[in-house]
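Colleague: Residue-level listing of the chains:
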Amino acid sequence: MDAHSVTLQKSKCMGCTDCIKRCPTEAIRVRSSKAQIIEARCIDCGNCIRICRNGAKKAATDQLEMMKRYTHRIALPAPSFYAQFPKAPGVEYILEALLEMGFTDYFEVAIAAEVVTSATYDYLKKATHFPIISSACPAIVRLVQSRFPSLIPHILPILSPMELAARYVKAQYAKRGMDLKEVGVFFISPCPAKATEIRYPKGIEQSMVDGVLSMQDLYKPMRDLIGKVTPKQKQQSTYRGLNWATPTGGMDENQIKGYMAVDGIENVLSILEKVEDGTLNHMTFIEAMACTGGCLGGALAIENPYISRSTLKKWIQKAKQSEKQMINGEYLKVLDAVSQIPYFYETPIMPSSVLSLSPNRIKALEMMERIQKIYETLPQIDCGCCGAPTCHCFAEDVVRQGVNVEACIFMLRRKIKQLSDEMQQLAYTAIPTENNLEKHKE
Amino acid sequence: MTLCFTVDGNDFLRAGEASAVVKRTLKQLGLESSLVRKIAIAMYEAEMNMVLHANGGNIKVTLSDTYLTIQMMDTGPGIKDIDLAMQEGYSTANQKIRELGFGAGMGLPNMKRYSDELKIKTVVGVGTEVLLGFKL
Ligand SMILES: Nc1ncnc2c1ncn2[C@@H]1O[C@H](COP(=O)(O)OP(=O)(O)OP(=O)(O)O)[C@@H](O)[C@H]1O
Ligand code: SF4
Ligand SMILES: [Mg+2]
Numbered sequence: 001m002d003a004h005s006v007t008l009q010k011s012k013c014m015g016c017t018d019c020i021k022r023c024p025t026e027a028i029r030v031r032s033s034k035a036q037i038i039e040a041r042c043i044d045c046g047n048c049i050r051i052c053r054n055g056a057k058k059a060a061t062d063q064l065e066m067m068k069r070y071t072h073r074i075a076l077p078a079p080s081f082y083a084q085f086p087k088a089p090g091v092e093y094i095l096e097a098l099l100e101m102g103f104t105d106y107f108e109v110a111i112a113a114e115v116v117t118s119a120t121y122d123y124l125k126k127a128t129h130f131p132i133i134s135s136a137c138p139a140i141v142r143l144v145q146s147r148f149p150s151l152i153p154h155i156l157p158i159l160s161p162m163e164l165a166a167r168y169v170k171a172q173y174a175k176r177g178m179d180l181k182e183v184g185v186f187f188i189s190p191c192p193a194k195a196t197e198i199r200y201p202k203g204i205e206q207s208m209v210d211g212v213l214s215m216q217d218l219y220k221p222m223r224d225l226i227g228k229v230t231p232k233q234k235q236q237s238t239y240r241g242l243n244w245a246t247p248t249g250g251m252d253e254n255q256i257k258g259y260m261a262v263d264g265i266e267n268v269l270s271i272l273e274k275v276e277d278g279t280l281n282h283m284t285f286i287e288a289m290a291c292t293g294g295c296l297g298g299a300l301a302i303e304n305p306y307i308s309r310s311t312l313k314k315w316i317q318k319a320k321q322s323e324k325q326m327i328n329g330e331y332l333k334v335l336d337a338v339s340q341i342p343y344f345y346e347t348p349i350m351p352s353s354v355l356s357l358s359p360n361r362i363k364a365l366e367m368m369e370r371i372q373k374i375y376e377t378l379p380q381i382d383c384g385c386c387g388a389p390t391c392h393c394f395a396e397d398v399v400r401q402g403v404n405v406e407a408c409i410f411m412l413r414r415k416i417k418q419l420s421d422e423m424q425q426l427a428y429t430a431i432p433t434e435n436n437l438e439k440h441k442e
Numbered sequence: 001m002t003l004c005f006t007v008d009g010n011d012f013l014r015a016g017e018a019s020a021v022v023k024r025t026l027k028q029l030g031l032e033s034s035l036v037r038k039i040a041i042a043m044y045e046a047e048m049n050m051v052l053h054a055n056g057g058n059i060k061v062t063l064s065d066t067y068l069t070i071q072m073m074d075t076g077p078g079i080k081d082i083d084l085a086m087q088e089g090y091s092t093a094n095q096k097i098r099e100l101g102f103g104a105g106m107g108l109p110n111m112k113r114y115s116d117e118l119k120i121k122t123v124v125g126v127g128t129e130v131l132l133g134f135k136l
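Those protein sequence lines, which keep their order, are chains A and B.
Mapping the first sequence onto this note's numbering, position 241 (from 1) lands on 241, and the numbers just tick up by one.
Mapping the second sequence onto this note's numbering, position 80 (from 1) lands on 80, and the numbers just tick up by one.
Certain hints may be false.
Straight-line alpha carbon distances no greater than 30 Å define the calculated DSBU-like cross-link-like pairs of lysine-lysine that follow [to be verified]: (1) A/Lys274 with A/Lys125; (2) A/Lys234 with A/Lys68; (3) A/Lys21 with A/Lys10; (4) A/Lys170 with A/Lys232; (5) B/Lys60 with A/Lys373; (6) A/Lys68 with A/Lys175; (7) A/Lys320 with A/Lys257; (8) B/Lys121 with A/Lys274; (9) A/Lys274 with B/Lys135; (10) A/Lys125 with B/Lys38; (11) A/Lys417 with A/Lys34; (12) A/Lys126 with B/Lys38; (13) A/Lys126 with A/Lys257; (14) B/Lys38 with A/Lys257; (15) B/Lys112 with A/Lys274; (16) B/Lys135 with A/Lys363; (17) A/Lys274 with B/Lys96; (18) B/Lys38 with A/Lys274; (19) B/Lys119 with B/Lys38; (20) B/Lys135 with B/Lys112; (21) B/Lys60 with B/Lys121; (22) A/Lys363 with B/Lys38; (23) A/Lys318 with A/Lys333; (24) B/Lys60 with A/Lys363; (25) A/Lys21 with A/Lys58; (26) A/Lys126 with B/Lys112; (27) A/Lys314 with A/Lys234; (28) B/Lys96 with A/Lys257; (29) A/Lys274 with B/Lys119; (30) A/Lys373 with B/Lys135; (31) A/Lys58 with A/Lys68; (32) A/Lys220 with A/Lys313; (33) A/Lys313 with A/Lys257; (34) A/Lys274 with B/Lys60; (35) B/Lys38 with A/Lys373.
Keep in mind the hints are simulated off the structure, nothing from the lab.
Please read all numbers here as calculations on a predicted model, not as lab measurements.
All chains should be built: construct the whole structure from the sequences, respecting the hints.
Modeller: Written as structure tokens, this is what we have:
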């Protein structure tokens, strides 16, 4: 399986330069009129999926058929999923429709989110590298690994609500004596980053999530079912858990001094630059989300994020109103059981040195000088015709990958001019057996 | 390799750009990330001082495989008492600068702390030249 969950459907790609320009990590090039994703640089943010007008970029999530492999099929719906259905009479209808769809059970990710929130408060009390950067969005963790390796000690070393939920479900089924090979846990995802996360998890050896299904694949059948079902169970998630899908995340700003929520990958990039420069040392916690609007703006979400935000607000409001009935013995038992599951990272987060030109410093320096020289000869207008997002990036490609410098149309034109000048010169070269060209004409 | 930058003293939005380019260059060189961070912090402080106290200036960065020199030259007001300016918490920043989140008087002390070499030449009314050196 690929290291990434964003793939290109070659036949649909027209070779335009929309995606190379919008990729926050300069991971896409157009070569031979087709886009190419540089695997090592991609952080699976899904920006290119959103931007491609030909639908050539696809998220490689799992197929619904994968469910058939398991006797027990457990859905993990996140609050962002509830926000896709503004017409549902209540969250319990969405949950019931999941059972109707073929899942044998579900567990609300929002419950695990509540546990992650309180674990985070505890961790902040003893943390040493401030500001702590939230690790819930896998695209952000990847960004830190590849672009800001010095900030790795700032990453919150706590499992995402998705992973914690999956661990809890597996533990429950194991307790009941079930063969875990028969138990399939499926996360319903707003983004490709989560699909990569279960294949290449960070901070743990292996993910307990067996499949990641795209919200888009479930949307239509779910929408039809929601109108027909009669819920047999109440929703268990409280407003605190549901808050996770808002752009400010699950933390209560009033409880942490120096709290910041930043969404949208470009904004996150500039905030992380500042953290690296040491200007945000006074902050305690940064909730960073790759998508504008948080997970509601995920590349696989269906509703416009502003609409889904108001839908989510509705569910949060409802949950707040019935808070008293919801906090019952049953709920507290579940919450307690989830907090018993180990939630700290078990393996270190490693840097990935995608920026480094060469492991040999002298060679890297020499390459850098060549890059600078080439860059100075380029027009520096970042037109993108060469297939690279910027002139500087193109100069890097010339030195790193031996791309022909005439792939830049300005350089090509210069070369043609130079050749034609030479040809003209040649045309006037005296030929010994001929007096001169003019004479020949007469 | 040398890199040169002109820092505009009136453009707060672009302040810190030179530091960002240098930071990227150092990452490309494959330097240890904690070292990159030290350099980034020191250079950013120096660049901001040039913007906030001296109305901009010029930066020259010289990079070899073993040493990095960052030279910052401005034609600002100069520093009257360097020993005083080097003290933690000393700042002449006005209210406007403080509102922008600067003026804690930690810039020069941090530059000293994170660099291997710090030289300041300054003449009141003429300008300041700050040299930061780092062993790579
Ligand atoms: N390039 C410069 N030109 C003129 N004066 C300077 C320059 N750099 C520093 N100073 C003087 O030295 C003082 C101390 O500088 P320092 O960087 O330590 O603190 P600051 O800039 O005032 O606050 P901070 O760096 O914490 O935001 C400044 O307040 C200023 O008076
Ligand atoms: S913000 Fe949410 S939807 Fe977007 S990439 Fe991160 S985890 Fe996925
Ligand atoms: Mg300063």
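Colleague: Taking the hints in turn, state whether each one holds.
Modeller: Comparing the hints with the structure gives:
Between the alpha carbons of A/Lys274 and A/Lys125 the distance comes to roughly 23 Å, so the proposed pair stays at or under 30 Å and holds. With a C-alpha separation of about 27 Å, the suggested pair A/Lys234 and A/Lys68 falls inside the 30 Å cut-off, and the hint holds. Taken as a hint, the A/Lys21 and A/Lys10 pair is honoured in the structure, with Cα atoms around 18 Å apart against an allowance of 30 Å. At roughly 23 Å between alpha-carbon atoms, A/Lys170 and A/Lys232 fall within 30 Å of each other, so this suggested pair holds.
The hinted pair formed by B/Lys60 and A/Lys373 meets the criterion: a straight-line CA distance of about 17 Å does not exceed 30 Å. About 23 Å separates the Cα atoms of A/Lys68 and A/Lys175, which keeps this hinted pair within 30 Å; it holds. Pair hint A/Lys320 plus A/Lys257 holds up; C-alpha atoms about 24 Å apart against a cutoff of 30 Å. Of the supplied pair hints, the one linking B/Lys121 and A/Lys274 holds, its CA atoms being roughly 28 Å apart against a limit of 30 Å.
For the hint linking A/Lys274 to B/Lys135, the alpha-carbon distance of about 24 Å falls within 30 Å, and the restraint holds. The suggested pairing of A/Lys125 with B/Lys38 holds, with an alpha-carbon distance near 26 Å, which does not exceed 30 Å. Proposed proximity of A/Lys417 and A/Lys34 is supported: the alpha carbons are some 28 Å apart, at most 30 Å. Taken as a hint, the A/Lys126 and B/Lys38 pair is honoured in the structure, with Cα atoms around 24 Å apart against an allowance of 30 Å.
At most 30 Å may separate the alpha-carbon atoms for a hinted pair to count; A/Lys126 and A/Lys257 meet this at roughly 15 Å. The suggested pairing of B/Lys38 with A/Lys257 holds, with an alpha-carbon distance near 26 Å, which does not exceed 30 Å. A hinted pair counts as satisfied when its Cα atoms are at most 30 Å apart, and B/Lys112 with A/Lys274 qualifies at roughly 20 Å. This hinted pair checks out: B/Lys135 and A/Lys363 have alpha carbons roughly 18 Å apart, not beyond 30 Å.
A threshold of 30 Å between alpha carbons decides the hint, and for A/Lys274 with B/Lys96 the separation of about 21 Å falls inside it, so the pair holds. Taking the CA atoms of B/Lys38 and A/Lys274, the gap is near 13 Å; set against the 30 Å cutoff, the hint holds. Distance check on the hinted pair: B/Lys119 and B/Lys38 sit about 17 Å apart at the alpha-carbon level, within 30 Å; holds. Proposed proximity of B/Lys135 and B/Lys112 is supported: the alpha carbons are some 14 Å apart, at most 30 Å.
Of the pairs offered as hints, the one joining B/Lys60 and B/Lys121 holds, with about 15 Å between alpha carbons and a cut-off of 30 Å not exceeded. The suggested pairing of A/Lys363 with B/Lys38 holds, with an alpha-carbon distance near 23 Å, which does not exceed 30 Å. Taking the CA atoms of A/Lys318 and A/Lys333, the gap is about 22 Å. The hint holds against a cut of 30 Å. Note on B/Lys60 and A/Lys363: the hinted pairing holds, with a Cα-Cα distance of about 22 Å set against a maximum of 30 Å.
Taking the CA atoms of A/Lys21 and A/Lys58, the gap is about 18 Å. The hint holds against a cut of 30 Å. With a CA separation close to 29 Å, the supplied pair A/Lys126 and B/Lys112 stays within the 30 Å bound. With a C-alpha separation of about 16 Å, the suggested pairing of A/Lys314 with A/Lys234 holds against the 30 Å cut-off. Restraint check: the Cα-Cα separation between B/Lys96 and A/Lys257 comes to about 24 Å, which is no more than 30 Å; the hinted pair holds.
The suggested pairing of A/Lys274 with B/Lys119 holds, with an alpha-carbon distance near 25 Å, which does not exceed 30 Å. Only pairs whose Cα atoms come within 30 Å are accepted, and A/Lys373 paired with B/Lys135 is accepted, the gap being roughly 25 Å. Distance hint between A/Lys58 and A/Lys68 is fulfilled; the C-alpha atoms sit about 23 Å from each other, no more than 30 Å. At roughly 22 Å between alpha-carbon atoms, A/Lys220 and A/Lys313 fall within 30 Å of each other, so this suggested pair holds.
A threshold of 30 Å between alpha carbons decides the hint, and for A/Lys313 with A/Lys257 the separation of about 25 Å falls inside it, so the pair holds. Proposed proximity of A/Lys274 and B/Lys60 is supported: the alpha carbons are some 22 Å apart, at most 30 Å. About 28 Å separates the Cα atoms of B/Lys38 and A/Lys373, which keeps this hinted pair within 30 Å; it holds.
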